[in-house]
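Next come the chains, spelled out residue by residue.
2 protein chains.
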Amino acid sequence: MTLKYANRMDQVKGLETREIIKFIGKSDIISFAGGLPAPELFPLEELKEISAKVLEECGSDALQYVPTDGYLPLREMIAERMQKTGVKTSAENILIINGSQQGIDFSGKLFLNPGDVVISEKPCYLGAIGAFRSYQAKFVDIPIDNDGIKVGELEKTLSQTPKAKLIYVTPDFQNPTGISWSVTRRKEFIEVVNKFHLPVIEDNPYGEIRFEGKNIPPIKAFDTEGNVVFLGTFSKILCPGFRIGWICASRELVKKYTMLKEVADLQCNTMAQREVALYLSEYDITININKIRQVYKRRRDLMIQIIKEEFPPEAKYSVPEGGLFLWIEFPKHINGRELLEKTLQEKVAFVPGGCFYPNGGHENSIRLNFSNMPEEKIVVGMKRLAKIIHKEL
Amino acid sequence: MTLKYANRMDQVKGLETREIIKFIGKSDIISFAGGLPAPELFPLEELKEISAKVLEECGSDALQYVPTDGYLPLREMIAERMQKTGVKTSAENILIINGSQQGIDFSGKLFLNPGDVVISEKPCYLGAIGAFRSYQAKFVDIPIDNDGIKVGELEKTLSQTPKAKLIYVTPDFQNPTGISWSVTRRKEFIEVVNKFHLPVIEDNPYGEIRFEGKNIPPIKAFDTEGNVVFLGTFSKILCPGFRIGWICASRELVKKYTMLKEVADLQCNTMAQREVALYLSEYDITININKIRQVYKRRRDLMIQIIKEEFPPEAKYSVPEGGLFLWIEFPKHINGRELLEKTLQEKVAFVPGGCFYPNGGHENSIRLNFSNMPEEKIVVGMKRLAKIIHKEL
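First to last, the sequence lines map onto chains A and B.
Going by numbering that gives the first Met the number 0, the residue at position 11 of the first sequence is 10; the numbering climbs one at a time, nothing skipped.
Going by numbering that gives the first Met the number 0, the residue at position 332 of the second sequence is 331; the numbering climbs one at a time, nothing skipped.
A hint or two may mislead.
In this list, chains with the same sequence are indistinguishable; a pair is considered to hold if it fits within one copy or across any two.
Claimed, not checked - Listed below are the simulated BS3-like cross-link pairs for lysine-lysine, each with C-alpha atoms no more than 27 Å apart in a straight line:
1) Lys346 with Lys213
2) Lys3 with Lys186
3) Lys254 with Lys3
4) Lys87 with Lys3
These aren't lab readings, by the way, just hints derived from the structure by calculation.
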C-alpha cells in the first residue's frame, strides 16, 4: 500500500538534466548535456592550500554551526563584488545559500500559492520549472528575441494575468538559449515590472563568464523599488561542489529568506563558506574567471565552426557572448527527444529543447553545453551529431 | 509597498535557538541554549589530513557536481552502519541531505497539504515545528512519559484525527527532554502506526551518543511496512559544519525525496561527502564517539549534581541516558521566557521550554544543553542559574 503524498507531489518530477548527469557519469559518452563547468579549470592547487589554511587558522570554528545568514566576511566580500557591477548593496542584503538553485526554491516557497502564475522567459531554465512546480505554480512564458524578453508582450500578459505572482528571468547568457539582454531592454523591463509591483527573481549564474561585448549591469542595478531578488553562485566561477551561492535582496526580503533557510537546513557548509572567503581574499578570482572565459570562448567558437561547416543550413543556432550553452532550432518535424535516443547510440548527449518549455511543445530544439568537454571531444561529438542530423532531415 | 507573500509565510517564524546562537556568538555568555556539540572534540587533526587527502586523491572530482542522491561509497558506508543497528537496508535506501533538518523539511513538503495534522511528541523539537508549519500544518502533540510516547493516547488521537498525515518522533534522547523510548514502547508504537498506515519520521541525531544503559534499535528496525523514514546526521558524531546527514527509507520514498532534493538544491557539498566517506574508511569513528560519550556524560553528571545540590526541590529534572539536553520543569508560576531575561543579565542562557510546544503553554520549563560548555563554565553558569531561580520561587 502506498503512502499518501501531498497534492503538490503530482507536479514534482525528476530533472532530466540530473538524470543525464547520473547516466553519463558511468559511461564514455561525449556529453553536451549537463551544465557542468570544465573541471580542469578548478583552481585545484590554490584550493588545496586554502583548505589546509582554513583548518589550520580557524580550527574547529570551521567545523561548527554558524548563524543561518552565513559567514560575515564572505557576505561582505560578495556585497563588494556586487557593488562593482552597479548594485548598491551591503552584507545585510546577502544570504548565503546552497547554490542559486536553493534561491529559486525559496522564492517559490516565499511567493507562490497553489495555482499562482510564474511569468518566465520562453524557453526557461528547467531547474526553475521544477522548483516552482513543486509549489503548484502555473507558467505563462513570454517570448524572447536577441535583446531579451519582449517587454511589450510582458506588459500585456501582466495586465491580463491577475494570478501572476512572480517573474523569473535569467538575463545573462540564458540557460538554455545563451541569449543576453541588452541594457535598453533591461531598463524597459524594470519600467514595466515597477507598474505591477511583483517580485523579480534574477537568476545570474553565468553573468561573469562573458567572452566578448561590453559588461552589462544586472537588472538588480536598475531596480528602484526593491522588487528584484538577485541570485548568484560560485558554481561556475570557482567550483560547483562547494554549493555556495547567494541571495542579494532588500533587507526585508533577506529576513524572510533567512527564515526559510533556517527551517530548510539551518545553514550552508561552514568550511566551504570560509574556503570561498579565504580564496577571495588570498587570490584574484578575476584571473581564474579570465582563464574560464578564454577556454569556453574557444570551445564555443569550435562548436559554432562545426555547426557552420557540417550541420544542414536548416539548423538555426544562437551565438552566445558568454555562458555555457548554445541553442539549436530545427525544422518542426525534427524531435529533440527522438534525436537524443539516436545520438546516444553514437555516444553523444545533449538536452532536448522541449524540457525548457513549461507548457510543452517546441520539441524541435536542443541545448548544447560547450563548457565541459575538451576540444577534441567537441570535434568528434559535433561531427557525429551533424551526421545523424543530416540523416534526419 | 510590501510584496505579497504566499499564505504559508504567515506561519513561518525564525527559530528562537538560531537567534540565540547568533546572539551568543558575539558575547561572553555561558550558553546552555543551542544544540552545539563540543568543538574541542571535533577530530581536527584527522580532518586536516582527510581534507588534504581528498583533494590530493580525487582532484577536481571532489569539486564538481555529483548525482543528487549522493556519493555512492558514503551511501554504502551509511547503509552498513545502519545495518549494525538492526535496520535492513542498502545504499539504494540512502539519500544524502544537508543535515537531518533538511529531511524534516522535505518530509513536510512530501506529505503535508495545508491544514493537515502532524502528530508529534509533547514537547517536540522546535526546528521540526518550524519546518512543518512552513507547510501550513497543524499539530496534535501526544504526551510522553519516561518510556516514550504514550501509545494509548496516540492510538486514540489517530482514530479521532482524520487529517493526521504524518507522525514525527525523536525516540533517542529526545530534543528537548532527553528522554529515550524503551524497546517495548517502540514495538507498541509500530503496532499502532501500522494500523493507520501513516508515514513516521524518526529523527535520530543523538542515538549514538549514549552514556549508559543498553543500545536500543531505532524504530526503523521494527518497521514491517516501510512507513518509517529514518533521519540521521554526522553533526553530533563528527561535526555539524559539513552539513551531511541522510534519509534511510523505502526505495519508493527515497525516489520521492531525491526529486525534492533536486529542485531544492541539486545536491550536497561534494567535498564534504567525500571527506566524511574517507574519514569513515580511514578512522574508526566509534573511537571518536566514545570520547564524545565520556565527555558529555561528565558534563551531564556535573549539571545534575549542581541541580541536586543547589536548585530548589520544586525543580523537576530529567536524567537523560545520552544526547545533549536535559529538561527542567518548575512550578506553574515560573515563566521560562521571563527567567531567561533575568539570567541573560547574569550572562547565562538556555532555551525557554515553551518554544517546544506547538500549541503553546507549558512556559514553566527550560531546556539545558550540557554538551557545549566546558566543566568550569557549567559550574559557574549552573550556580548563577540556581541563585536566580531561588529568588523567583
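Hint check:
For the homomeric pair Lys346 and Lys213, neither the shortest alpha-carbon distance inside one copy (37 Å) nor that between copies (55 Å) is at most 27 Å. Taking the shortest alpha-carbon separations for Lys3 and Lys186, only the inter-copy value of 23 Å comes in at or below 27 Å, while the best intra-copy value is 47 Å. In this assembly of identical chains, the alpha carbons of Lys254 and Lys3 lie at most 27 Å apart only when taken from different copies (15 Å versus 33 Å within one copy). Within a single copy, Lys87 and Lys3 get their C-alpha atoms only as close as 47 Å, which misses the 27 Å cut-off; across copies the closest is 23 Å, which meets it.
In summary, the one numbered hint that this structure violates is 1.
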